[in-house]
Structure formats: C-alpha cells, structure tokens
Amino acid sequence: QEQDRVEATINSPLFGGDRIDVESGYLEIQAPDGSLVWLDAGTQVQLLELRNSGGDSSGENVLALQNGTLEGEITSEESSQAEMRIDTPEASVYLMSRGRFRVEAANGMTSAVSYRGVVELAGDEGSVLVRTGQESRVSSGDEPEEPWTVNTFRRDLFGEWCEERSASYVSESRGEDAEYIDQVPGPVRHYATELHAYGDWNYIAAYGWVWRPSIIQVGWRPYCSGYWSWCPRGWTWVSYEPWGWLPY
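Residue numbering for the sequence shown follows this note's numbering, starting at 724 and increasing by one per position.
A few of these clues could be false.
[Claimed, not checked] Label-pair distances were calculated between CB atoms; the ranges are:
#	residue 1	residue 2	range
1	Leu852	Trp951	44 to 54 angstroms
2	Ser937	Met832	39 to 49 angstroms
3	Glu917	Gly740	18 to 28 angstroms
4	Thr872	Trp958	43 to 53 angstroms
5	Gly831	Trp943	48 to 58 angstroms
6	Val933	Gly765	35 to 45 angstroms
7	Arg728	Ser862	40 to 50 angstroms
8	Leu852	Gly765	22 to 32 angstroms
9	Met832	Leu852	16 to 26 angstroms
10	Gly942	Met832	46 to 56 angstroms
11	Leu880	Glu917	30 to 40 angstroms
12	Thr855	Ala890	30 to 40 angstroms
13	Phe876	Glu917	23 to 33 angstroms
14	Gln940	Asp847	34 to 44 angstroms
It should be emphasised that the hints constitute simulated quantities derived from the structure, not laboratory data. Idealized CB from N, CA, C, for every residue including glycine.
Throw the hints in and build the complete structure from the sequences for me.
Below is the structure:
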C-alpha cells in the first residue's frame with residue numbers, strides 16, 4: 724500500500740515480503756546467511772524469502788526480479804548453504820554454488836551471467852547450466868539459449884561498483900585474522916572482516932572474541948546516531964554509523 728512506502732536509509736532492515744524500488748544510485752543487500760546482492764538504478768525486486776543464519780539448513784533466499792539488473796555473491800563455505808533463487812517474468816535462476824553472478828530482466832528477456840560458479844537458467848521449455856565465464860538468456864515461453872563465453876573483466880559502471888563492494892569484504896590478512904573469525908558466533912562470522920575495518924577484535928575471557936569500534940568521536944555513546952523504526956519484529960534501532968546495522 725502507498726502508506727507503507729518508505730524511503731530507505733543506510734542500514735535499513737529488510738524482511739521477507741518487502742519490495743524494493745531503486746529510483747537512483749545503487750543498493751546493497753546483506754542477507755542473514757552472508758550472501759550479498761547489489762541492485763542497479765531502476766531495478767524493482769521483492770524479497771520473497773530470506774534464509775536464516777545460525778546453522779539453520781532449511782530454506783533459501785528467494786528474490787522476485789520484476790525489472791532491472793542485479794549482481795550477487797554467495798560466500799558460504801558450506802555447499803548446502805549455497806542456495807538462492809531469482810524469479811523473473813520469463814525464468815527462474817538458481818545459484819548452485821559459491822560464486823558471483825549477474826541477472827538482468829528487461830524487454831521480455833532474462834539473461835544470466837556466471838562470473839564464478841554454476842548457475843541454472845530455467846525457462847518454460849527447459850533449462851541450461853551456466854558455468855564460470857558463460858552467459859545465457861531466455862524469453863518468455865522459449866527454451867534458454869546454449870551458453871556462450873563472455874569476457875568476465877568487461878564491466879559497466881554498475882559492475883565496477885559491485886567489484887569494489889565485493890573487495891571491501893575480503894581481508895588481506897585472512898591468515899592472521901583466522902583465529903577470531905573462526906571463533907566468533909556463526910551469525911557474525913560472515914561480517915567479521917567488515918567489522919575489522921571499523922574497529923578491533925579483542926579476546927575477553929568471560930565472553931570470547933569481542934569487537935569494539937575505533938572510528939568514533941569523543942563523547943560517543945550507543946544509540947545516539949540514528950532513529951527508531953517499527954518493523955515486523957518490533958522496534959528496531961537503525962544506525963547511521965556504517966557498521967551499526969550488525970551490533971544493534
């Protein structure tokens with residue numbers, strides 16, 4: 724309904740059933756299981772289902788792409804968790820493994836590109852597997868085209884932005900950080916390296932590995948930069964701090 728339409732801010736919480744219209748700029752979605760989805764300007768998508776974190780092996784991330792372009796990355800190290808489905812008016816796209824992908828839906832055509840990993844593109848008359856460095860497309864009521872090779876380094880402005888966002892989650896000192904990454908709780912582990920960019924991890928005997936922000940001003944205190952928002956799970960603090968969505 725129109726009265727339920729709100730303008731998103733940084734760290735806005737999302738829930739299954741939410742519809743997103745990207746009027747300008749780009750948008751990043753972080754799913755609870757660590758998967759990342761990026762939306763281009765003009766994209767319309769609905770979050771049909773979001774997979775829970777914390778070791779729950781049931782369910783999957785299901786998105787309905789009405790129109791536009793999205794890229795995404797599945798980072799889970801467990802193959803059983805590498806599950807995402809993207810439905811479009813012409814097809815269903817299944818992400819079958821860890822990797823990077825791109826899906827476009829426009830003018831009665833759906834295309835799927837695999838930058839890394841395996842993607843299944845299923846149309847009304849059959850399906851094909853799109854492997855690393857390949858692309859396929861399908862129109863409504865047709866069979867998907869045989870995949871062809873594409874240059875994975877050739878990106879548009881949106882693709883370049885997605886690459887920059889993906890790189891921000893990769894820790895250059897992964898070996899040194901492995902100790903705390905492997906010991907923090909599962910729901911937090913996906914984002915441990917992201918938090919590392921904004922603070923420090925310290926071991927406290929009573930709690931284990933604990934993170935604290937370091938990029939703060941004198942006089943900083945929790946719940947001072949942001950606003951309260953009513954969500955399906957109750958009142959939620961939406962922080963303006965770039966790292967604030969996870970601790971709160």
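Verification of the hints:
no. : hint                                : result
1   : Leu852 - Trp951: 44 to 54 angstroms : holds (46 angstroms)
2   : Ser937 - Met832: 39 to 49 angstroms : holds (48 angstroms)
3   : Glu917 - Gly740: 18 to 28 angstroms : holds (26 angstroms)
4   : Thr872 - Trp958: 43 to 53 angstroms : holds (51 angstroms)
5   : Gly831 - Trp943: 48 to 58 angstroms : holds (52 angstroms)
6   : Val933 - Gly765: 35 to 45 angstroms : holds (42 angstroms)
7   : Arg728 - Ser862: 40 to 50 angstroms : violated (31 angstroms)
8   : Leu852 - Gly765: 22 to 32 angstroms : holds (29 angstroms)
9   : Met832 - Leu852: 16 to 26 angstroms : holds (19 angstroms)
10  : Gly942 - Met832: 46 to 56 angstroms : holds (55 angstroms)
11  : Leu880 - Glu917: 30 to 40 angstroms : violated (23 angstroms)
12  : Thr855 - Ala890: 30 to 40 angstroms : violated (19 angstroms)
13  : Phe876 - Glu917: 23 to 33 angstroms : holds (25 angstroms)
14  : Gln940 - Asp847: 34 to 44 angstroms : violated (57 angstroms)
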